[in-house]
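Those protein sequences? They're chains A and B, same order as listed. Take the first sequence: its letter number 114 is residue 114 in the numbering used here, and every next letter is one higher. Take the second sequence: its letter number 169 is residue 169 in the numbering used here, and every next letter is one higher.
Derived from the structure by calculation, the hints contain no laboratory data. We put the beta carbon where it would ideally sit given N, CA and C, even for glycine. Treat the hints loosely; a few may be bogus.
Unchecked claim - Which chain A residues face chain B? A few, computed with CB under 7 Å, are given here:
#, residue
1, GLY44
2, GLU45
3, THR56
4, HIS58
5, ILE62
6, SER145
7, LEU146
8, PRO173
9, THR176
10, ILE177
11, GLU178
12, GLU179
13, ASN182
14, ARG183
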Amino acid sequence: MRIRILLLLSICIGPSASAQSDSSVVSKHKVVYYNNILAGGLLGESGKGSGFTVSTTHGIRINRFSIGAGVGFDSYFDWKTVPVFGTIEVDFARLRKNAFFVQINGGYAEAARVRREEWITDYREYGGPMMSYMLGYKMKAEKFSLYILAGQKFQEAHFSYGIPLWSSFAPAPSTTIEESMNRLVVQLGFGIH
Amino acid sequence: MDTLENRLQKRMHVSLYALLVLTMLLAISILLESCTDQCDIKSEYVYLEPVYTTVEELRASIEVTDPDTINNVGQIYLKDNILFVNDPGKGIHIIDNHNPAHPTPKKFLKVPGNFDMAIKGNTLYADSYVDLIAFDISNINSIKEAGRLEGIFKNYKSFGIATDVNCCVITDWKEKRTVYLSESDCDVNMQPWGGVYYEGGIAFNLAADASSKAAVNPGSGSGPGVGGSLARFTINGDHLYMLDGGDLQVADISAENTPVAKNRSYISWDIETIFPYKKNLFIGSSSGMHILDVSTPETPVKLSTYEHVRSCDPVVVDDKYAYVTLRSGTTCQGFTNQLEIIDVENLRSPKLLKTYPMTNPHGLGIDNTTLFICDGNDGLKAFNAADINTIDKNLLAHYKEINARDVIPFNNTLIMVGEDGLFQYDYTNPKDIRLLSTIAIYDED
Chain A
1 MRIRILLLLS ICIGPSASAQ SDSSVVSKHK VVYYNNILAG GLLGESGKGS
51 GFTVSTTHGI RINRFSIGAG VGFDSYFDWK TVPVFGTIEV DFARLRKNAF
101 FVQINGGYAE AARVRREEWI TDYREYGGPM MSYMLGYKMK AEKFSLYILA
151 GQKFQEAHFS YGIPLWSSFA PAPSTTIEES MNRLVVQLGF GIH
Chain B
1 MDTLENRLQK RMHVSLYALL VLTMLLAISI LLESCTDQCD IKSEYVYLEP
51 VYTTVEELRA SIEVTDPDTI NNVGQIYLKD NILFVNDPGK GIHIIDNHNP
101 AHPTPKKFLK VPGNFDMAIK GNTLYADSYV DLIAFDISNI NSIKEAGRLE
151 GIFKNYKSFG IATDVNCCVI TDWKEKRTVY LSESDCDVNM QPWGGVYYEG
201 GIAFNLAADA SSKAAVNPGS GSGPGVGGSL ARFTINGDHL YMLDGGDLQV
251 ADISAENTPV AKNRSYISWD IETIFPYKKN LFIGSSSGMH ILDVSTPETP
301 VKLSTYEHVR SCDPVVVDDK YAYVTLRSGT TCQGFTNQLE IIDVENLRSP
351 KLLKTYPMTN PHGLGIDNTT LFICDGNDGL KAFNAADINT IDKNLLAHYK
401 EINARDVIPF NNTLIMVGED GLFQYDYTNP KDIRLLSTIA IYDED
């Protein structure tokens, strides 16, 4: 996970650095507000079930670069999460009004575990960091853009629990589980560019 | 205009689209293959590691000290107006009780590993881990060890760990915390057994809980004293009977200071309490009551077993009836909380006569027709038991503000132990039981 995050950061920092190097000309370009609403599926290995994801992002676009912030809702097999994230997007290939882009999202998600055994005690659950990198294609249609994206999403969530012992002689054992979920994401959406 | 340049540009675009789509499909297939979950599991366990002490050290550590605070109350025993209060595992508090309104602590007899006791004449018999010790208590200001049966207890509170009586015994348990880290693909389910380490065993307090039958035959002088209904030691004539695990161990104490080990016989793995009545022993277990004939003292013969649902089961007996309290709880199991009255006129065929619901009954005691029941957090209850068919309609008194665990009613003085201390009451008028004195328990924690 750390290696992936570093890789993503390096991808992210690259275009950002070039954006900074172009900062002298940024003021010459129009800064536009954009938003989008995306929905799609979270695909994992068999047996884990397929989940779904919805999110909305709002930000600004400067030439090929976009930055923004968003909030979403993700449904996994065992978890429901509400990620709050920042996003960086770079159009790397423009085809007339359309463009291929890469997008990196990172943030934190509150999490609630769906499955919960009745007999456990002292149950606690925590969210964790979220990271996704996407490859997308957007098509402009007048004031709107249509999006199609695919990529990979990482989400961590934790829970801990105790065991109800039949004897109070010894403290109950406790277990903490840090679950790292890794999903293929396919999303469709639209927004104002 | 469809020039060659435009056609080439369109073909390039198509090729580029095709290349991108193929690249995306390849990326998706690679991503999907790697989309596996990982769980890092950190489990923290506490297990109890036995601490061993050599028997030589233990035998050398017996001593009489000045009175000490009571940290916990186990068995209680009354003899010649001297009250003996067991502090489980530590020893025996000796209290002058000639005036129950002003009990006076006299000494503390430090006996490591002591949980039970009985007295005959001027000799106190007490267990100390694997040994039975006879103390001369003719002068309570100068108590001396008079005799010892070494290694007589084979099943002392070892909690499943074998004890080498010639070497060392487990005297304590040290808490050890262990963290276990593992990884999985998140398909593991939580296990209700919790992964408790049973490395080298784990301790459970198997000491009999409290409940006591009254002083049916409170001895004095050269006779035995009277204990509670939770006792695991009792004296009948010249013989001391001791519960040791599932066994009944007999010792000849005709020469008081020199007990001699006699027969050992297996009764049942779950026996808890022992109560003598005439030529019989009534042994309470979590699954029933065993009735033994000790006409031949050294070879008890089982006459019958009265079986009941699984629960803790102290018992007291009078001429016709055995009074048994059944209670549920963590160590007692079961879900039954009641008083059972059993016809024991025919000892070979005990019959259940009546049951009365209770809250969480522990010890009990009977003095003539007054039946005292320690009903846990529901307090102390006194009934007129002259008619066993109407006991529930003859509640004489109910004292709810105390936790009651065990009693000895004797000579209009009720000695009661609970979570908060040792209390003595005057029950000359059972409807107006008056508190005489209190000895507090100081919890070490």
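These are the hints, each one checked on the structure:
1. GLY44: With Cβ-Cβ at 5 Å, under 7 Å, it holds.
2. GLU45: Given a least distance of 5 Å, the restraint on GLU45 of chain A holds.
3. THR56: 24 Å, violated
4. HIS58: 26 Å, violated
5. ILE62: 25 Å, violated
6. SER145: 18 Å, violated
7. LEU146: Cβ of LEU146 of chain A sits 16 Å from chain B, so the hint is violated.
8. PRO173: Check passed: Cβ of PRO173 of chain A comes within 5 Å of chain B, closer than 7 Å.
9. THR176: 5 Å, holds
10. ILE177: 5 Å, holds
11. GLU178: Hint holds; GLU178 of chain A Cβ to chain B Cβ min 4 Å, cut 7 Å.
12. GLU179: It holds, given that the least Cβ distance between GLU179 of chain A and chain B is near 5 Å, below 7 Å.
13. ASN182: Result: holds, 5 Å to nearest chain B Cβ.
14. ARG183: 6 Å, holds
In this structure, the hints that do not hold are numbers 3, 4, 5, 6 and 7, in rising order.
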